[in-house]
Structures are given as C-alpha cells and as structure tokens.
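Residue numbers (the working numbering): 651 to 1020.
The hints are simulated quantities; they were obtained by calculation from the structure and are not laboratory data. Owing to the predicted nature of the structure, the values given are computational and were not obtained by experimental measurement. Wrong hints could be hidden among the right ones.
What the hints assert, rightly or not - Straight-line Cα separation of at most 25 Å, PhoX-like style, residue types lysine-lysine; simulated pairs:
{"id": "1", "residue 1": "Lys885", "residue 2": "Lys930"}
{"id": "2", "residue 1": "Lys788", "residue 2": "Lys809"}
{"id": "3", "residue 1": "Lys723", "residue 2": "Lys809"}
{"id": "4", "residue 1": "Lys885", "residue 2": "Lys809"}
Said to hold, decoys possible - Derived Cβ-Cβ restraints for the label pairs, each shown as a range:
{"id": "5", "residue 1": "Asp709", "residue 2": "Gly894", "range": "50 to 58 Å"}
{"id": "6", "residue 1": "Val942", "residue 2": "Pro687", "range": "35 to 43 Å"}
{"id": "7", "residue 1": "His867", "residue 2": "Glu747", "range": "42 to 50 Å"}
{"id": "8", "residue 1": "Gly755", "residue 2": "Met1017", "range": "24 to 32 Å"}
{"id": "9", "residue 1": "Glu865", "residue 2": "Gln759", "range": "32 to 40 Å"}
Just so you know, even glycine gets a beta-carbon here, dropped at the ideal spot from N, CA and C.
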Amino acid sequence: MDHLKKMDRSQKNAPVSTQISDTLLDIGYRGIIDLLPCYLSIQDRSMNILFANENFRKDFGEGVGMPCHRVYKGRDEICATCPVRESFKDKQIHLSEENVHLSDGELAQLIVYSVPVPDMLGNVQAVMEMSTNITRVKQLQKELTFLGQSIAVLSHDMKNMLEGVQGGSYVLEEGLKDGDIALATRGWDIVKRNIGEISNIAQDILYSCKKRDIERHEVPPGEIIRDAAALFREKAAAMGIALGCYSDPSLPSANLDPAGMRRVLSNLIWNALEACKQDKAKDTHNVMVRAVFHARACCAFEVEDDGIGMDEDQLDNIFEGFYSGKGSGGTGLGLFVADKIVREHSGKIEVLSAPGKGSTFRILLPMKQS
C-alpha cells in the first residue's frame, strides 16, 4: 500500500489508471501480484476496473476497462452491497460476501475486501479489491449443517418408529397368548408398517449421504413403474386409494439405473399416497404412475395424484434436504433423494401443483445417456 502511495510527482497530473499501472510496473511487484492466491483488482470511482491480476483474468476474463458489476454479475447497476463504493465514501476498509458468475458461467461465492488507495494528497482516487473464492467452504458448511439436521431429525423419527415396533410386538404377543388371531394380525401389521418405515429411511440415508456409482442397464420403463407401484398396492388399497399404471407400448428401453429409479418412483408414490390421505375434501382419490414420451428424445416418468396439492412456498422448498410438507409426518428426505438420483441421470424433475388440485411430478430423462 505504501508503494502505491509513493507515486513520483511527475505522475501527479497523469490519469489514475496510468499512475497505478506504471507504479506497479516500476516497483516490480506485477509478477508477485499475479502469483497471489486471490483475485486482486483496482477500480476507479466509476467502478471501472483499472488493473486485474492473473487469477482475476483467468476466472473472469479480461475485465480491464469494464465496470466491476458487469464483469462479476452481468448487470449495469452498481451492487447494493458494494464494498468498493463504501471505501470511496469513508476511506475505510470494507468487507462483504458476494455471489458472482465466473467467465464459464459457473456461480461462485466470494468474500471481498475493499481497501482505499489514496494519492499524494490523501484523496481516494482508486480502491483495491481483494477477494477469495469461498464456494467450497460454503458447500462444506452446508454439508455439516445437513449432517447435524440428519442426526436430530432421524433420531427423533427412528425413536418413534421403534416405539411403534415395540407397541406392535406387544399387541402381537397378547394376541398369541389369548389365541386371538385378529388381535395378533393387527399387531403384526403394526410391526410390518414400522419396519417398512425404518427401511425407507435407511435407504434414503444411504442415497443422500453416500456417493453411489450409477449402474446403468437397458430396462423397459414400463417394468420400472410396475415394480415401483407393486410395492404400494396393498398400502393404497388399505387407504382406499386407486393406484394405476400406464406405459406407452412404443417407448423403447432406457439406459438407466433400475434400483435408483425405483427408489425415485417409490418416494414419489409414497408422497402421492400421503397427499391423498391428508385431503379430507374428497371421498375418493387416485394416484397414476406413467412412463411416456415427452418432447424429443426424452423419456418421462410421471406420478400424478389428486390430493391436497402444494402452494408456492412449498414448491420452492420441496427439494431441500429435511424440508417436509407433512409437518411431523415425514423426514423431508424423500424428494431430496429423488432429485439427487435424477440429476445423476442427467435428468430433471418438473412439478405441477396447486392447493386442493393435486400434484404431478414429471421426471425427464434423455433417451440416450452415456
């Protein structure tokens, strides 16, 4: 900083950009600045970039002469939280966190420091901005938060389910003691239901926390939906919900991970049944599972229900880990896992829903996948 302040008096009337560039070259620091493991730029009062080091140019392109907000965010207006502007105002160092776009379009999170660069008279004609890419750090923070939520939520749910197993075992035992087959059957049904819940959670944990290799096979999409729906025939019948399947007979085999896609459809069918169960406004409910063509070169799996539906707030959050629209009735892992598996297949999930109108989850997969 002292070197930048000690500009030769002959430079006093030269443009700020010329003064700074010449000073950096004169003092021989250009090479060192280019080697710094951070982004470094110098900006004038119009937020135009006067100088940028090698790291900056590598990730943001040649931004010299352009406004920083256009280089960072592709916008024409100065950012509301701009630390450089604040340093011009009060001649102090400022700090902020910013979301920016790298030159390849990737989103990155930066921690940014702005440092005023005074001239010989003490006037701030430029501000030096130093920033570090903390995207990976933020991702690790998110993963650690996710882990903490996992322990809290799953411990609570597993405890409730194990208590259900214990209660069902007691009913089963009493039925066997008394020779009451109906009572014993009821107890066994309770045990089976809770074991199934525990199994679902265990599988969702494995899919959400463990890096899996996709094992692709050529599989008829109709076979996938029939296998997934078969797991819920008994449950749907017991709930009084009609569960149907349809597969376009002209749909060719798809190259996908059968176990992973069955997991996706199982989670979606489960949610559809629960949405119908919560809907007290209708006497009958239907869940339909389909495998069809969608647009060009896309295979679509659809799970449609006529249950309670979702509002905009729910739609904005449904794929977040541990967000549940069922209140205390779900872990919130199901849709998170479904989205993760579909993305691993280079696909996406579209959702159409409205309160009281039901929901349709559409999984779009490219027909040709490497």
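Against the structure, the hints come out as follows:
1. Lys885 - Lys930: holds (18 Å)
2. Lys788 - Lys809: Since the Cα atoms of Lys788 and Lys809 sit roughly 32 Å apart, the hinted pair is violated (cutoff 25 Å).
3. Lys723 - Lys809: violated (47 Å)
4. Lys885 - Lys809: holds (23 Å)
5. Asp709 - Gly894: 50 to 58 Å: holds (52 Å)
6. Val942 - Pro687: 35 to 43 Å: violated (51 Å)
7. His867 - Glu747: 42 to 50 Å: Roughly 45 Å apart at Cβ, these two residues keep to the hinted range, so it holds.
8. Gly755 - Met1017: 24 to 32 Å: holds (26 Å)
9. Glu865 - Gln759: 32 to 40 Å: Hint holds: Cβ distance 34 Å, inside 32 to 40 Å.
Checked against the numbered hints given earlier, this structure breaks hints 2, 3 and 6; the rest are met.
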